[in-house]
Amino acid sequence: MPEQLWITEILNRALARPVDVLLRALHVAPHYPQAPISNAVAMQLLVFLLLVVVFAIVRSLLSVDRPGALQHIFEGVHGFITHQSEEIIGHHSSAYTPYLAALGYYILVSNLIGLIPGFESPTAASPSVPLGCAILSFFYYHAQGFKHSGVKYLAHFAGPMPVLAPLMVPIEMISHLARVLSLTIRLYANMFAGDMVTLVFFSLVPVGIPILFLGLHIGVSFLQTYIFVLLVTVYLQGAVATEH
Amino acid sequence: MSSSPNPSSKDNFWVQLARYSQLGFILPAATLVGWLIGVGLDKWLHTTWLYLLGLLVGTAAGFVELIRIVISDSGK
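Those protein sequences? They're chains A and B, same order as listed.
Numbering of the first sequence is given in our numbering, commencing with residue 1 and proceeding in unit increments.
Numbering of the second sequence is given in our numbering, commencing with residue 1001 and proceeding in unit increments.
Think of the hints as simulated: they come from the structure by calculation, not from any bench.
Take these hints with a grain of salt, some might be off.
Unchecked claim - In silico SDA-like cross-links for lysine to any residue, where the CA-CA straight-line distance does not exceed 25 Å:
hint, chain 1, residue 1, chain 2, residue 2
1, B, 1043, A, 167
2, B, 1043, A, 152
3, A, 152, A, 131
4, A, 152, A, 142
5, B, 1043, A, 169
One chain only, chain A, in its complex shape:
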């Protein structure tokens, strides 16, 4: 049996059987039939529920006359992402803000939740979590490219000269897939390394020093979230840009 967090244990106790049935229906054999839900999946569910609850609270507290602290924070973050995407993509960027903001909140909370004792950061627990975010972003920016340019979007992959198209198409395909891999590895490796460094120093010097690394981990969490969202914005800009 794998090492389970308390929340994973609760979920496995309640949902192991239906999850097993679902996985077998999808022709996936779970490694541990008694515990098919991993820590990463349990923590992702928790992050999702946490965000839904926080947004429901913010929604219920919205006020034009007397905005509260939570409203200020969320309006600030939303304004920051709107400004950033407008700077990179242009004036029609507001359509992409909801996706970029949701992605940012999800990755940030996933990165930071590992700092609370008894929890684990899903982005550091398994590379499948950053991979999921990267694959979703990959499909999102291509879908927006098709929405923006129609079938002409495929011409982006052929390069500037039609003669070179047979060479450029596989090169473009690989470079787009490499973006998924690069987004995944960057986020996972940084968060995993941050976790490991904090743990190692905590086991060596349990007082004082780990606080410095916890601070570093918080900084890395914000920076990696920012870089992930920013790169997705840059890829979106590439997909919806007007050719000159």
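Chain B: place on chain A using the hints.
Only chain B this time, still in chain A's reference frame:
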């Protein structure tokens, strides 16, 4: 993919940081993706040489993306 970035983004330090943070990852990532596609095609088509072609195309794709990132910033 040739595109026209918004000119106002050229001076933003953080945008430059995010763009340049790709440099270290994109070449090995593209090479790995090319190799994996080649290995997959080898298994599917029962050949033994496509992994090499995938590796070469992946490396080329990595270099193309690398040069594109550098040119897109220095050319502004």
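Results of checking the hints against the structure:
Restraint check for residue 1043 (chain B) and residue 167 (chain A): satisfied, since their Cα atoms lie roughly 23 Å apart, inside the 25 Å limit. Distance hint between residue 1043 (chain B) and residue 152 (chain A) is unfulfilled; the C-alpha atoms sit about 33 Å from each other, more than 25 Å. With a CA separation close to 28 Å, the supplied pair residue 152 (chain A) and residue 131 (chain A) exceeds the 25 Å bound. Restraint check for residue 152 (chain A) and residue 142 (chain A): satisfied, since their Cα atoms lie roughly 12 Å apart, inside the 25 Å limit.
Pair hint residue 1043 (chain B) plus residue 169 (chain A) holds up; C-alpha atoms about 22 Å apart against a cutoff of 25 Å.
Consistency with the previously given hints fails for numbers 2, 3, ordered from lowest to highest.
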